[in-house]
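Make the full structure from the sequences, and use the hints.
Which chain is which? The protein sequence lines are A and B, in order. Counting the first sequence from 1 gives a position; our numbering is that position plus 1. Counting the second sequence from 1 gives a position; our numbering is that position plus 4.
Bear in mind the hints are in silico, worked out from the structure with no lab data behind them. Since no wrong hints were added, every one of them can be taken at face value.
Okay, derived cross-link-like pairs now, SDA-like style, lysine to any residue, Cα gap no bigger than 25 angstroms in a straight line: (1) B/K506 with B/A8; (2) A/K325 with A/E280; (3) B/K506 with B/T318; (4) B/K506 with B/L7; (5) B/K439 with A/R92; (6) B/K506 with B/F10; (7) B/K439 with A/P56; (8) B/K439 with A/D62; (9) B/K506 with B/G487; (10) B/K439 with A/S60; (11) B/K439 with B/E422; (12) A/K124 with A/T177; (13) B/K439 with A/S66; (14) B/K439 with A/D63; (15) B/K33 with B/G117; (16) A/K325 with A/L16; (17) B/K33 with B/E118; (18) B/K439 with A/A96; (19) B/K439 with B/P475; (20) A/K325 with A/R338; (21) B/K439 with B/P464.
Non-contacting residues of chain B with respect to chain A, defined by C-beta distances greater than 12 angstroms in every case (computed): (22) D29; (23) S89; (24) T175; (25) A237.
Just so it is clear, CB atoms sit at the ideal spot from N, CA and C, and this is done for glycine as well.
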Amino acid sequence: MAEREQIFEVGRELLQGLDAARSGPLKALDRRGMDLATEDAELRAALLRFVDVAPACRSVDDLASHLLSYLDELHQRPVSLDVAIRMGSSRAGRAALGSAALAGVRHVAHRFIVGETAHDAAKVLRGLWGEGAASSVDLLGEATVTAAEADRYAARCAETLGTLAQLYGALPAQPTLERDGAGPIPRANLSVKVSALTPLLRAEAPELGERDAAPRLRELLRLARRLDAHLHVDMESYDSREAVADLVLSLLSEPEFADGPSVGLVVQAYLRDSPELCERVIAWAQSSGRVPPLVVRLVKGAYWDHEVVDARQHGWQPPVFEHKRESDRNFELLTRRLLQARPHVRPAIASHNLRSVAYAIVANRELGGAERDVEFQVLRGLGDELGQALAAAGLRVRVYCPVGDLVAGMAYLVRRLLENTANESFLAEQARGLPLEQLLAAP
Amino acid sequence: MALAPFANEPTLELRRAAVREELLDSLRKLDRRLPLRAPTLLGGESRGGEELLSTDPGEPERIVALAPRSGAEEARAAVDVASASASGWAHEPVERRAEALLGAARWMRERRGELAALCVRECGKPWLEADADVAEAIDFLEYYARRALALQGKDDGSAPLLLQAPGERNTISYRPRGVCAVIAPWNFPLAIPTGMSAAALVSGNSVVLKPAEQAPGCGAKVAEALRAGGVPADVLCLLQGEAEAGAALVADERVQTIAFTGSARVGVEIMRAAAEVRTGQRDIKRVIAEMGGKNCVLIDSDADLDEAVPAIVTSAFAYAGQKCSAASRLLVHESIASLLGERLAGAVQRLRVGQAEEFGVDLGPLIERQAAERLDRYREVAEAQGAEVVSGAEGADFDGAGWFRRPLLVSGLPSDSEILREEIFAPLLAFEAVKDLDAALERVDELPFALTGGLFCRDPHTVERVAARMPVGNLYVNRHITGAMVARHPFGGNRLSGSGFKAGGPDYLLQFMQASVLSENVMRHGLVVS
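See below:
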């Protein structure tokens, strides 16, 4: 069968799995909430601004007055919001409106944030494991602007690693999630951000941030090795990419980490020069001879708007592809490249795009890879159903799970919401009911 | 003359290693050529000298440029040359003058690295700032060239600006004023002298440029660029000197316009001196003065501190606070004052003080010994007044050679402290908690300066309310308050901060011109001839 047909067949099966996963009435309700935000760009912006400011509001009255300020800026207000505006005219009304809005934020937050701490998240993480999905926990929090904040974040990471190791240690075996052709895969998995491990990340001086973050990351690596946990270093904006890549590869080259722990990096396919980073990482993995193999999470990238606006303000060519199609195409090229680079790297395909996922499954088969030799990653709250469908198909799935204060954490997640509601995103396309042929067409 | 629409000159993409390496290479090349010669230029005549020398503020033993200390006599000679050439230059077509600016922009664009390196060496500007200085100089050239062309074509009759009654034809035209003295500061040693000179030149004036005595090398480059671009030698004179040279230019009866950027004290003195009409003087001197500030950033209770902290730090401490736009007072809603205070103190502690040429350095040296000592005195005043002083750049280890100082965050000052009123022009930020934004606005309103201001707030209604009440020339919301971009953020202050229209803005050139109106009777015996 030609590749195209295979991708269609795999895609169709996944879509059936998706439909089965979203049959509950509660889920339909949640989706409608997001749809409302998707349809009206202005309203969506107003609601996101509200979510963003909510943790900084001093009282329910303050919450209500911010919400009203944002709604006031809308050129066309849905009739359903008139009630809210009327409530704003009295103190009691504002209190009710503020409380309701806060409850709304918490409600939405529950969908994305699995708990205030890893300990609180235990139930969700156990549930996921039972359904056949591993996790990578991501600690939400304020930006790091001081050394004390970097220390606090590192301490939270260390504590979380301990909690996760204990939690996952007590769970029953899940063979699909615990081993691939290269060997055992740690159960406990934490994603960390270098920007939170140092206040000194400077685009024009990457070595500064590297030097400052290195001791904190080194301690976490030691702890992860002791606990047999995986540490995944996230990528952020382009300004910090050089520092993050150099830091991880140089730390892993230190003799003490030659046999562990399991560590991961990220390649962002929306970057024009991502093939170069991908090659560099693969070459490093091949020559280092380090075990266990480096995990490479392949993503499209979550900072697209930031990168484009930042570059335009400076008069630079954006470092990202400007058409989604180009990123999608590059994602497929890099998928194949990473699959070919096994066993030196462990590819983790992180996408909610049905076509990208189906492509990875088919490419893996074409290359003669076993199903267990590729991992799929989804985001909590956005890719749950896709994750379930993939797990049901017997594939190895990991859910990226944000942990943190519901209201404050939600503000940090606004960026991901923005990505989700952007017009071109797969979820939006699917919500608009595009035909399968279009959803699965080659980019 | 059709030009592409104006676009800001891109700054260098310093996040790319190859770009950084190229700059370091430019610096190495420059170092081999030091000290530069920066003579006074009187038309075709060049008068060198070594009395005035600029040194590297980070290593004062290193001499960057050697210049003569020209005084009243050379000022007189420069105005001789400029006034003789003024009429010829005024009658050149505006296209030719615009072309000279564009040529200067090209010349600078070909020397981005060299010029930035000179800023680093002569004025202790860290790379990011030094490169932005070069880009802004190019922006002024490109922008004013376009504005001059636009103004010239403004009232060509096709869409007249003036009301036309039957039987008469009214037109307004803008003409040069004559000789313009440009007195420039050292803190934007390329951009500001280039901007002021270019505006005067393209408007048809001849210019005598007196760069700051701290930056004769950069001043020489500005003159070199303009002349290389096509400004005739006798239309642009360069006067290297100190206060005596500047005062002589201001007093010269043949100087019609004075463009000055610097301190309020000097600016007001210039205006006073310029008001006196001297023997043989035919014009009321016009003084375009961009002066100091005491710039306040207001932080509302709903501010996003993750964004506010880095933006405040940049506003107050980039280039060691030596920008007229820099933040010097922070007025913080009391509900978040302690949290912000703590985070800010931590952020100030991790700032890096060091040689401007090291990438990642936040604060280079101060410009000179007096500047460093002035900061020390303010610090003593703060301590004597019982304020808490957080001294930043923890662990920084700078040897005694350069004029390095730690950034200071000062809180708990008495409300009548001079530190809250005077322009310090150094890395000192005063922190005050206020009851609410109204209280903050009252404090801002008490100040005689009104250059820039900042607001961190996420309620659109509040933003609107504060914007209406802030007296400043440039208000920045939810961002740093420095780094105004030509054509995007026309720049200039109100109150004692300035007398001019905004630099880099649509009206700036009008100050270098005078308007003439022609009203012609076009009716002859009942017949309208048009």
